[in-house]
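Please take these sequences and the hints and turn them into a complete structure.
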Amino acid sequence: MQKDVILNGRIWLITNDKGELINDIDTDMIFHNQYLTITDLDEMGQYTFDNLEGWKDFADKALKDDIIVVGDNFGAGSSRQQAVDCFKSLAVQAIIAKSFGAIYKRNAINSGLPILVLDSIDLNNIENREMVEFDLENGETDHNAINIEPFSKVQMDIYQAGNLFAYGKNIK
Amino acid sequence: MGKTIIEKILQNHSEQKVEPGKIVWIDIDIRTARDFGGPNVVKNLEKYYPDTEIPDKSNAFFTFDTVVPAKTIPYANSQQICRDFAKKHGLKVYDVNAGIGTHILMEKGFALPGKTLVGTDSHFNILGAVGAFGQGMGDQDIAFAFITGRNWFEVPETIKINLKGTFSYPTTGKDLVLYILRKIGSKGVLGKSVEYYGECLKDFSFSEVVTLSSMTTEMGGIIAYPHPNENVKDWLKEHTGETPEFIYADEDAKYLDEMEIDVSNLKPQIAAPPKPDNVFDVEKLKGQKVDSVFVGSCTNGRIEDMRLVADIIKGKKIADDVMLRVVPTTSEVYGQMLSEGLIKVLYNAGAVVSNPGCGGCANGQIGMTGKGEVQISTGNRNFTGKQGYGDTYLASPVTAARAALKGSL
Chain A
28 MQKDVILNGR IWLITNDKGE LINDIDTDMI FHNQYLTITD LDEMGQYTFD
78 NLEGWKDFAD KALKDDIIVV GDNFGAGSSR QQAVDCFKSL AVQAIIAKSF
128 GAIYKRNAIN SGLPILVLDS IDLNNIENRE MVEFDLENGE TDHNAINIEP
178 FSKVQMDIYQ AGNLFAYGKN IK
Chain B
-10 MGKTIIEKIL QNHSEQKVEP GKIVWIDIDI RTARDFGGPN VVKNLEKYYP
40 DTEIPDKSNA FFTFDTVVPA KTIPYANSQQ ICRDFAKKHG LKVYDVNAGI
90 GTHILMEKGF ALPGKTLVGT DSHFNILGAV GAFGQGMGDQ DIAFAFITGR
140 NWFEVPETIK INLKGTFSYP TTGKDLVLYI LRKIGSKGVL GKSVEYYGEC
190 LKDFSFSEVV TLSSMTTEMG GIIAYPHPNE NVKDWLKEHT GETPEFIYAD
240 EDAKYLDEME IDVSNLKPQI AAPPKPDNVF DVEKLKGQKV DSVFVGSCTN
290 GRIEDMRLVA DIIKGKKIAD DVMLRVVPTT SEVYGQMLSE GLIKVLYNAG
340 AVVSNPGCGG CANGQIGMTG KGEVQISTGN RNFTGKQGYG DTYLASPVTA
390 ARAALKGSL
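Top line first, the protein sequences correspond to chains A and B. Be aware that the first sequence starts at 28, since it is given in this note's numbering, and climbs by one per residue. Be aware that the second sequence starts at -10, since it is given in this note's numbering, and climbs by one per residue.
Hints are all accurate, no fakes.
Facing chain A, according to a computed beta carbon distance under 7 angstroms, are these residues of chain B, among others:
{"id": "1", "residue": "Phe25"}
{"id": "2", "residue": "Asn29"}
{"id": "3", "residue": "Gly127"}
{"id": "4", "residue": "Gln129"}
{"id": "5", "residue": "Lys176"}
Since the hints were derived computationally from the structure, they do not count as laboratory data. We treat Cβ as the ideally placed atom computed from N, Cα and C, and that holds for glycine.
Now the structure itself:
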């Protein structure tokens, strides 16, 4: 069965005290290396953003199907999968960033977590907790203050398969 | 049309036509996992490929380097999960005595020019120093590569960086890479491959070439290839017994961008917290008090780095109230330090020298910083909270050793 390519969710604008989307959020801010012995997905969510100034209580605030919006170079730093898995653990539906760290991008795509590149955003005309609809296939949204780029082909193929392992079995 | 270095390496490992921006399947020569990420690689393998033999066993292994030896029970459990799996499948483990995985791959001759290697370490691009393609990956990617021997890659575009002019001691390769970060920033080469050319690279020690390659991660890059010099070729020959055959870019290779960075008479550089690209001349921060100094990491923990430090502190004492912590990259480096008398020099000066590993960077064996503590580190990252609640500055082994003696910058 094909997965739905339309996502609906309430957004979190991950901003600093100046109201700007935070850039360069690295994997130690997302999921600190002190928790790296955790291998159980259910346990990971509680530590999400636990080292990100201003957002240390994110795990308590996040609700199922939320969508987070961040700045440039999200997920810079280490190769840890937990920095992706912690969002899955919280049932966060998607991550939208101006750009992603190269390894983070791979990890998210491979695990089937939708990540989207922000094409443009007008922070004066969009607010936290607004409900926004995103089309993964053509990049359209139902909010004129936020625009995204559509999925790449490999990303859509892995997303539809579920994850890299399922995708890999199909292509052989 | 000509090809860049990364394009040639990927083309040699793919049946598809390699072009920048295109996603292609690549054969992977060496697959590894370390103690961070390793247990999850095992978990994925057991979940998605139960009762499946690992193919090409001699080219898949575990390397323990982040918390060595395991300092808590969860870390010990993580390592034992990897050991048990390796034993069951007949895979080699470079255990807690070995050192940093990427460096072992170079020392043991697995990382050679033109090879493709992956591991659960974001500084796998260090292997660009020896002309290989190294890619850090998460545990799903690695588990997939363990079984299939391949993975998908988006072929990166290449940026050519020409370094103009030369510099000399006390300025080193670390100062150069920090200066490049200062110029191009944390997203300067995001998702790109880099080729470095320039006269200043000719005299770089092997360690300096490694340093330059390793901090590509902090610029957002996939990998960097410093034009290989005689020191690198000699080092490889010494370690493998064979003359290395480097892959070079074609004359008509197509680059996304070509930059020139003037490094004439470059002065020592330092990255102030909280980011590796927050770089200044060391001079500008003169007088900054220092509580602790860490020399080591995959970026600056080789024998050449240790010699620089030992030369400076030989016969002297570290400043009162300052702690100097030294971690060699690998067991080989530790052995060299022993035979050259460097450990004695460090001991006499009042330093702590630990067994090889990642040291200060990975919640590791050499300790963390406390709130208010100012640390000078020869590592590669100083993000808030990464190495504890103290403030971490990134600098060369020379700057670090001088700070240890003086108690300030």
